[in-house]
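Trainee: If you want the building blocks of each chain, they are given just below.
There are 2 protein chains.
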Amino acid sequence: MAELYFDDFKVGDTIASSGMTVTESQIIDFAMRYDFQPFHTDVEAAKESIFGGLVASGIHTIAVTFRLLLMTGLLKHNLGSPGFDELRWLKPVHPGDTLSAVAEVLECKPSKKHKDRGTIRFRYSTYNQNDEKVFTVIGSQILRRLQIN
Amino acid sequence: MAELYFDDFKVGDTIASSGMTVTESQIIDFAMRYDFQPFHTDVEAAKESIFGGLVASGIHTIAVTFRLLLMTGLLKHNLGSPGFDELRWLKPVHPGDTLSAVAEVLECKPSKKHKDRGTIRFRYSTYNQNDEKVFTVIGSQILRRLQIN
Numbered sequence: 000m001a002e003l004y005f006d007d008f009k010v011g012d013t014i015a016s017s018g019m020t021v022t023e024s025q026i027i028d029f030a031m032r033y034d035f036q037p038f039h040t041d042v043e044a045a046k047e048s049i050f051g052g053l054v055a056s057g058i059h060t061i062a063v064t065f066r067l068l069l070m071t072g073l074l075k076h077n078l079g080s081p082g083f084d085e086l087r088w089l090k091p092v093h094p095g096d097t098l099s100a101v102a103e104v105l106e107c108k109p110s111k112k113h114k115d116r117g118t119i120r121f122r123y124s125t126y127n128q129n130d131e132k133v134f135t136v137i138g139s140q141i142l143r144r145l146q147i148n
Numbered sequence: 000m001a002e003l004y005f006d007d008f009k010v011g012d013t014i015a016s017s018g019m020t021v022t023e024s025q026i027i028d029f030a031m032r033y034d035f036q037p038f039h040t041d042v043e044a045a046k047e048s049i050f051g052g053l054v055a056s057g058i059h060t061i062a063v064t065f066r067l068l069l070m071t072g073l074l075k076h077n078l079g080s081p082g083f084d085e086l087r088w089l090k091p092v093h094p095g096d097t098l099s100a101v102a103e104v105l106e107c108k109p110s111k112k113h114k115d116r117g118t119i120r121f122r123y124s125t126y127n128q129n130d131e132k133v134f135t136v137i138g139s140q141i142l143r144r145l146q147i148n
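Protein chains in written order, with numbering that gives the first Met the number 0: chain A, 0 to 148; chain B, 0 to 148.
Hint data in this document are derived by calculation from the structure and do not stem from the laboratory.
A portion of the hints provided could be inaccurate.
[What the hints assert, rightly or not] Think about it this way: if two alpha-carbon atoms lie no more than 30 Å apart in a straight line, the pair counts; the simulated BS3-like pairs of lysine-lysine are: (1) Lys75/A to Lys114/A; (2) Lys112/A to Lys90/B; (3) Lys90/A to Lys112/B; (4) Lys111/B to Lys132/A; (5) Lys108/B to Lys46/B; (6) Lys112/A to Lys75/B; (7) Lys108/B to Lys90/A; (8) Lys46/B to Lys75/B; (9) Lys111/A to Lys9/A; (10) Lys132/A to Lys112/B; (11) Lys112/B to Lys111/A; (12) Lys46/B to Lys132/B; (13) Lys46/A to Lys111/B; (14) Lys75/A to Lys90/B.
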């Protein structure tokens with residue numbers, strides 16, 4: 000697991016995560032807590048939905064994506080995030096799908112106010128086992144800089 | 000619980016949720032699964048962070064917001080969401096904070112292709128017990144229309 004500071008990134012860098020298989024029970028458990036729509040919780044009702052079967056909550060997909068990215072060490076020196084932009088669910092995530100995520104560096108902006116940090120804008124993209132992009136978002140992260148004493 | 004179709008909304012409408020108290024264990028449980036950064040999982044390490052104490056994962060805040068909004072019946076006829084925009088975490092959410100959410104209708108756009116549905120753009124805002132806005136996002140939802148046979 001790498002431990003990347005703000006200074007370790009440059010525009011165009013990409014960091015790829017390992018994979019995680021999203022199971023039917025994970026989908027239903029997550030949805031029962033946070034997103035109890037029938038196409039996320041009820042296999043039978045989901046057949047009648049526009050998805051034609053159970054699909055993961057989009058918020059679950061965000062959460063899994065973030066978990067996969069954290070596991071790369073990408074955000075080891077993250078101090079927080081002001082927000083996300085252009086969040087898109089491009090394809091449904093089905094039970095048994097294996098997701099992996101890629102972070103691409105779009106912009107590196109040192110803070111003028113705080114010399115110990117800078118903001119990096121990443122494009123996070125999540126793919127299934129067929130290399131179809133299922134999710135994408137632009138995430139801003141405030142990362143710690145290497146301290147030069 | 001209201002059951003609102005696309006046709007029931009007009010620009011400017013607001014729908015307010017009930018409240019939910021976010022506990023320390025919820026914060027840590029969620030973060031251990033999806034967002035295991037020390038300021039979300041470790042009370043002691045969090046004291047040394049820029050937050051000065053444990054705070055909820057931003058993704059947890061998204062999830063709780065969505066749960067609160069679903070409980071209003073707002074999305075009873077939701078067919079899915081293409082995405083979210085301008086997602087911002089404005090203030091930290093601390094253990095013991097009670098969150099509630101408001102949806103405001105920004106735009107109602109009937110589908111030209113599918114007569115049975117339309118897209119509504121909502122601004123979702125989440126407040127704590129001190130009426131401080133902690134989170135905001137623009138969410139697009141595809142809602143079913145009232146069927147006129």
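Trainee: Looking at the structure, which of the earlier hints fail to hold?
Mentor: 5, 6, 8, 11
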